[in-house]
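Student: Next come the chains, spelled out residue by residue.
Number of protein chains: 2
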Amino acid sequence: MATSWGSLFQDEQQLEELARQAVDRALAEGVLLRTKQEPSSSDVVSYAPFTLFPSLVPCALLEQAYAVQMDFNLLVDAVSQNAVFLEQTLSRARTGSLAVWGHLCSFSSALVLLIAQEKERNIFDQRAIENELLARNIHVIRRRFEDVSEKGSLDQDRRLFMDGQEVAVVYFRDGYMPSQYSLQNWEARLLLERSCAVKCPDIATQLAGTKKVQQELSRAGMLEMLLPGQSEAIARLRATFAGLYSLDMGEEGDQAIAEALTAPSRFVLKPQREGGGNNLYGEEMVQALERLKDSEERASYILMEKIEPEPFRNCLLRPGSSARVVQCISELGIFGVYVRQGKTLVMNTHAGHLLRTKAIEHADGGVAAGVAVLDNPYPV
Amino acid sequence: MATSWGSLFQDEQQLEELARQAVDRALAEGVLLRTKQEPSSSDVVSYAPFTLFPSLVPCALLEQAYAVQMDFNLLVDAVSQNAVFLEQTLSRARTGSLAVWGHLCSFSSALVLLIAQEKERNIFDQRAIENELLARNIHVIRRRFEDVSEKGSLDQDRRLFMDGQEVAVVYFRDGYMPSQYSLQNWEARLLLERSCAVKCPDIATQLAGTKKVQQELSRAGMLEMLLPGQSEAIARLRATFAGLYSLDMGEEGDQAIAEALTAPSRFVLKPQREGGGNNLYGEEMVQALERLKDSEERASYILMEKIEPEPFRNCLLRPGSSARVVQCISELGIFGVYVRQGKTLVMNTHAGHLLRTKAIEHADGGVAAGVAVLDNPYPV
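As you go down the protein sequences, you meet chains C and W in turn. The working numbering numbers the first residue of the first sequence as 1 and each following residue consecutively. The working numbering numbers the first residue of the second sequence as 1 and each following residue consecutively.
Warning: the hint list may mix true and false statements.
It does not matter which identical chain is used: a pair holds within one copy or between any two.
In silico SDA-like pairs for lysine to any residue, Cα to Cα no more than 20 Å straight-line [claimed, not checked]: (1) K119 - A19; (2) K119 - R20; (3) K119 - E16; (4) K36 - P319; (5) K343 - M225; (6) K36 - G320; (7) K270 - D248; (8) K151 - E17.
Keep in mind the hints are simulated off the structure, nothing from the lab.
Sequences and hints are given; from them, build the entire structure.
Tutor: Set out below in structure tokens:
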């Protein structure tokens, strides 16, 4: 991607002035984060890091990403409904066995229970959702897993109650990583999953999003098995896949490890859970593979072909740093909305995008990426 | 004023939860302040202190305040145009002599020069105005007095130029207190006043807002002299006046001082400039009057009958403090817009309100008021 802001990058004084204006505007528009020092308090806050300029994105790619989102919604649903596939895939990654509770009930109110962390720098993103719902007269209560295990309960119809109020929807903003679960939290999650409240996401949908499932989906015949008769959707999905390689014990895994050790710059080693920041590259990856290659532990990782986007220049704005024009790469995500009641599809659509951009820094001869900041696509 | 939120004041846990929601909402809506520690930086910011609940204001009083605002606009304009009145009034308060420049010109652009302080906690209030103007394609440049003296200039038609750009409007957010003027700043102000740019406010309008002028306006016959033939406006204005007493040398001043020394709880002693926080009450006032009464310095103060509003309860929210339900008093201000070209009145209207509320704290047997926070009137 080229940029058309080149001339603005030259004039440092103008760049600083634009940066000051942009930061004040971002703050005033609510692009906020709590501080690292005080993640439980809104006494002082800061802005979410962002790019001073939008980044150029080819129209065709943006349209492709939007178009394929509905296919991904269908695929994730198909995976989450396929208990056999999930169990087979994830048992190899050392998760426990899976039971999915299916139970429908109607609700006497429209209360949303937001499962929140105490330390939450990103609370303003959550508050925006609370405010949108409140404007539609839908109330949200924020509780921690600990509150659920102390004060949550089910009645004989598995209706969920919290502090005496019936809950219609449980929205998880905690519990995405194993490290976020104490024994007490697992019990609270179990209670929520057993209830007939709508879970966003339920445990099966959450597990469908693991890297291990992603890797399994790239194997020949898998999409055809999960989405029978939908050859066009499958073609659109497959066009977006990068190479993903299982490290399960066996010949296939041995071969993938051998390839990665031969050409480490072409691969990245990822733990099979969500959450970023745990990926291994270059020499670190080689050391990990050497350590893991004869152990069953290797099955909890996957190897991925490294995507090598063309870097471009942008100016990253972060609290405490002056405006920096650097070489960047971006990652585009599309939000999807999907509602199914029993066998009836109620809604399948996209709902906006998220472009995240990070500086590429050359370290140890490889490319180590910094933490991504918010960006906006400028379609060209 | 009574309140109808009484029941909410009882439940401390609910109050804390409401306070957290309100603070996050205020932050997300841009009710921001830079911190005391870093008033020149937007790296971390806080919220402007505010009341958790609106405060009850009788409809009739709110309407009266709005109705009289246009009269005040006319009065301030009349005072600012009356150089003789201003000079006579303010020379007794030891200001220099006054010359008002009148000069009209047309502008080739609509650039606004905002005179800003480097340390400005309240920048987000200013940015909101910048953004509103920018949405109308009117650009604002922020400069300090120091920048004006270094890079500002007038051409032979007294057009004002800043960094090579012609300025149509100068908007002062610095220079309201004598302490904000160095010699360099006075020279910059003089340059701006001499220019044909529209000043918001010009020096005469600014001087019309001093306490000394306010006191002079309360003297018999003054309103009639300034607004000839406008008896209805005068009646509306006078209905809002509290007792104001000159301390000029002479019998009238001696009598005012004697009254204040006899009944100190009924009076407050104010320096004749704007800016708050310098008022003297009770024993402090008595000591100051004893010290000043035989000195010409007393003319730079005025005595004011203390307004004794009925206290009411509200909950004040401030960064770093937990929600506090306290006895409060309020002050209502109405924003006015007034534009005149030569002798033609172009616009005279009101433009919203500002309700500020502060806790009353009982100290030294008197009432000392804390610093006011933002509030909203709830008309009843």
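Student: A separate judgement is required for each hint: does it hold in the structure or not?
Tutor: Here is what the structure says about each hint:
In this assembly of identical chains, the alpha carbons of K119 and A19 lie at most 20 Å apart only when taken from different copies (18 Å versus 29 Å within one copy). In the homo-oligomer, the alpha carbons of K119 and R20 lie at most 20 Å apart only across protomers (14 Å), although the nearest pairing inside one protomer, at 28 Å, exceeds that limit. With identical chains, the CA atoms of K119 and E16 are at most 20 Å apart between copies only, with a shortest distance of 17 Å across copies and 32 Å within one. With identical chains, the CA atoms of K36 and P319 are at most 20 Å apart both within one copy (11 Å) and between copies (17 Å).
In this assembly of identical chains, the alpha carbons of K343 and M225 lie at most 20 Å apart only when taken from the same copy (18 Å versus 84 Å across copies). Within a single copy, K36 and G320 get their C-alpha atoms as close as 12 Å, and across copies as close as 17 Å, so both meet the 20 Å cut-off. Proximity of K270 and D248 under a CA criterion of 20 Å is satisfied intra-copy only: 14 Å inside one chain copy versus 82 Å between copies. Taking the shortest alpha-carbon separations for K151 and E17, only the inter-copy value of 17 Å comes in at or below 20 Å, while the best intra-copy value is 51 Å.
In summary, the structure agrees with every hint in the numbered list given earlier.
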